[in-house]
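Peer 1: These are the residues of each chain, in order.
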Amino acid sequence: MKAIVDCNNFYCSCERLFKPWLDNKPVVVLSNNDGCIVSRSDEAKKLGVEMAGPYFMAKPLIQKHDIAVFSSNYNLYGDLSWRVMETLRIMLGKKNVEVYSVDEAFVDLSGFSPDQIPEISREIRETVEQWTGIKVSVGVAPTKVLAKLANRFSKKDKQRTGCVTVFDSEEKILEALQKTPVGDIWGVGRRYAHSLQENWGIFDALQLRNVSEEFARTHLGGVTGVRLVKELRGEIARDMEDELVNKKMIATTRMFGSPVSDINSIKEAIATYTSRAAEKLRRQHSAASMISIFVVTKDQDHMLGFNKSGTISTYTTLPAATSITNELIKPAVAMVDQLYKKDTMYKKAGVMLSGIIPDESIQGNLFLSETKNCGRRLMDMIDNINFSQRNDVLKFASSGTTRDWKMRQEMRSGRYTTRWEELFEVH
Amino acid sequence: MDGEEFYGAAYKGSKQFTQQQVKTANATGFGAAADDFMERGIDLNEQLIRNKPATYFFRMKGDAMREAGIFDNDVLIVDRSIKLGEGKIIVAILNGEMLVRRFHKNFSSAFLIPENNRFKAINLAEFTDFAVWGVVTFVIHAV
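From first to last, the protein sequence lines are chains P and X. Per the numbering used here, the first sequence starts with residue 1, numbered consecutively. Per the numbering used here, the second sequence starts with residue 428, numbered consecutively.
Just chain X, same shape as in the assembly (with noise of 0.2 Å):
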């Protein structure tokens, strides 16, 4: 089938134009000479989002992982393609609502760990209706 479409990179950026379209060679002097060396700026979509389909950006309220760099009103990214994984950061829905905490498992339980001492751990043994949202993959705060 297509494999090119299929293991190529989900998301090829934001930009619409090509390298050819960039008109330097236009210009006179330090235009023609910088024209070797043309690329595309940084484009943060590229970085950030690895799945844009399956991204979401949340809003942070409260601060029960401030330990792990998260603040209130911080923005979360993210992605709901990537695997559960021991010590992941994941949007956690338990009782119908929707937690950030990190996820920890060990052989015989697992608990959803928040990254501030005034919140308790959560033992999921006590709980039936556990599920991941998605896996936080960037923050971010304004400074």
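Bound conformation, chain P alone (with noise of 0.2 Å):
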């Protein structure tokens, strides 16, 4: 058996671990730049706040009902989203815990005789509670598709499941695929959902289920659409993987806390976000064989505070992979040449890296030049001066000394978890 294990309202859940009298109160959490909601506790769905919202629309219902707002805390959120992963993995063993996102893992049940399910199950939920002070729901069921079913059905009623859904019978799961929509199975996009209703008539995921293979293969994305079919049977199509999967592409980008429109500004924007992308680069430890980078302008034209705007673009490709920030600074400054056009006004500009490949300067290659080696260390040595001071104290001139170009994030909580100087006061 396979399980899912799932924070619930999981940045929502961080905030309130050191704010106990928002228990049973509305609480949401905005995006970077405290531009969308991204996080909404049970309460404010409950009022009618929306998910992936706009905050500046839905401000009237939060004042109505004072709903309590908080800019993302992600040093908070990361530390607290560890602690839930390592007491999975300190219970269930290394091996069979999969970090599915920052707020979900995938558990392998394995080795547990089916008697013993449920109990493990909610031993599971109890202890990642009782140990981090973050509630999670639970849905365990023979394949990961099924699993993510198990919990929705976890997450809908948590008052009766007590936030644990076993399909340990072909009778459960037969009973909860007939109540599931296709929309809201996992892997199932809203496309695919109105396709398979208005073309084929098909509405919950028992139909679903019961299609041929043939049928997912031309109709629901080829070889995935096969495996998404088999999994509802109960068949393992999606096995447990390989954690730390390094990343295809690596993407800084960040809305200006207010319009820009010199080209300097730009070009320390750009310098910022690149320095701040070879990082995560030198982290998954690649080099990087393409940069581009791109700015958005703000358009004038106000319709419902909604603007206008367009997105330019450019890249270029680097005579050789590299990990190292001023060989990428370089490049990304001169592009923003190309791209920026005088009396315009920019909101946004990110940078992306791309054609990635392991960093062979790490394990010391014959045939690099030796200077190479020495911008390799030289990052290493930027890398753990700024991890272990924080703050970015070191970094390169082009990135600007005195704009801040982090994000807006002005009902912040404190780094509770992170900071010495930030801990949290008790009396």
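Worth flagging that the hints you see were computed from the coordinates, not collected in a lab. All of these numbers come straight from a predicted model, not from anything done at the bench. Accuracy of the hints is not assured; some may be wrong.
[Stated by the list, open to error] According to the in silico footprint, chain X covers these stretches of chain P (three or more CB under 8 Å from chain X):
no. : region
1   : 76–90
2   : 128–142
3   : 419–427
Yeah, the Cβ is synthetic: ideal placement off N, Cα and C, and Gly gets one too.
Put the two chains together into one complex, using the hints given.
Peer 2: Right, dumping it as structure tokens:
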């Protein structure tokens, strides 16, 4: 059996852990730059706050019901996510846990006998909450897709299920499949759901489970669709995967705190984002052979508060793959000259690194020049200093020294678990 | 299942090197002689943190617990995985607030006891929303 362990309204739960007075009160968390709502507590959902809706549009509702609002605090969420995953690894063994996202993990329970499964599932839920303070729900079934489906039931009716749902019999699976609309199956996008309903009269998961493999191949995106249908039937088609799949593309993009128009500001921003992207690149021991940048203009034309805007982008192929920040900043900043137009307001910029390969200079390639390895060592040193001191004490001069290109986070709570100066105060 | 992982120490220290990587054997004279006695230095993380994912740090404000040796601005190490027990110092949630007190329980009632006679004991029978956040295991006090 496989389990999915999923944190309930993860970002909101993180905020509540250090603010117990918000228990049972509506809470929302905003995205980078306080743009959109990215996490809602159950109470906020009930009041009609919409997921991914722009913050300014939800503001009247938020004020009316006195909903607590937080800017995202990724330092805190990241630490709590590690705690949840570590708890699972300690309980169930490292190799049986596959971290799927910041707030979800698949767990392989094949080492337990069927009669142990319900008890173990409850124990997982209780231990994670006891140790970390984060509430999770658990779905258990023979396959990953069915486990996801089981978890949907845990989340939908937390009280009745106690946040744990185990599909340990064919009857339970059939009943649940019948109750699940195709659009709510993990891996069925909105477009496929629409086409399944409109063109084929397939409305629930049970109907989808009974289609032929040939049908899945033609109408559900080839081999992915076949796997999905197999998983619905209880045949394992998506096994546990190795964690830490290196990213094929690394991007850093940010909205500016306020729109800018002069070229030097944009160059500083691009240099800053390039440094950040290069850091991510080195963290996964990779090098990139292509760099692209983009800028988004802010149109003066306001319509209901939405801006019409245009994205302009370009790219450069590097002579050799690299992970060294200065070798990436140079072409990145040069591209700004190509894109920049005078008298235009820009509201966003970004950097993308692609053509990613393992970084050979780490192992020390015989055929690489001495200087190349020096650059790599310098980067290691900068990374180590920045990691231990935090707040990017060392940066490249092209990133500018006066402006702060970081996010706007006006309502961020303390970084209680990662900063000694910001520990939560108790009396 | 993975017995060793389950029953082994939850936290195996912050040092990432093994005994074999300590290169005193390359030295002559004293280094070579001391090699037989080489061991890892003391790691406070190993001594003070029993269960890393369950351990949090807090900053004490005020002197409600000074008789217990917890002073204003001290850092508390709090372990959420330890069970609540008679006489333990805990971080409690009361009225949505977080308080540090000693937990005391007798046959009929439970109390949160301050360690400072200027503060009053709290009778938990008068509250409906009492909960335990975690158990305090160590205090870090600058001298």
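Peer 1: Hints first: check each against the structure and report whether it holds.
Peer 2: Outcome of the hint check:
For the region 76–90 of chain P, the stated coverage by chain X is satisfied: 7 residues place a CB nearer than 8 Å to a CB of that chain, which reaches the threshold of 3. Coverage of the region 128–142 of chain P by chain X holds in this model, with 4 residues showing a Cβ closer than 8 Å to a Cβ of that chain against a need of three. Check on the region 419–427 of chain P: 6 of its residues sit with their Cβ under 8 Å from a Cβ of chain X, so the three-residue criterion for coverage holds.
Taken one by one, the earlier hints all hold for this structure without exception.
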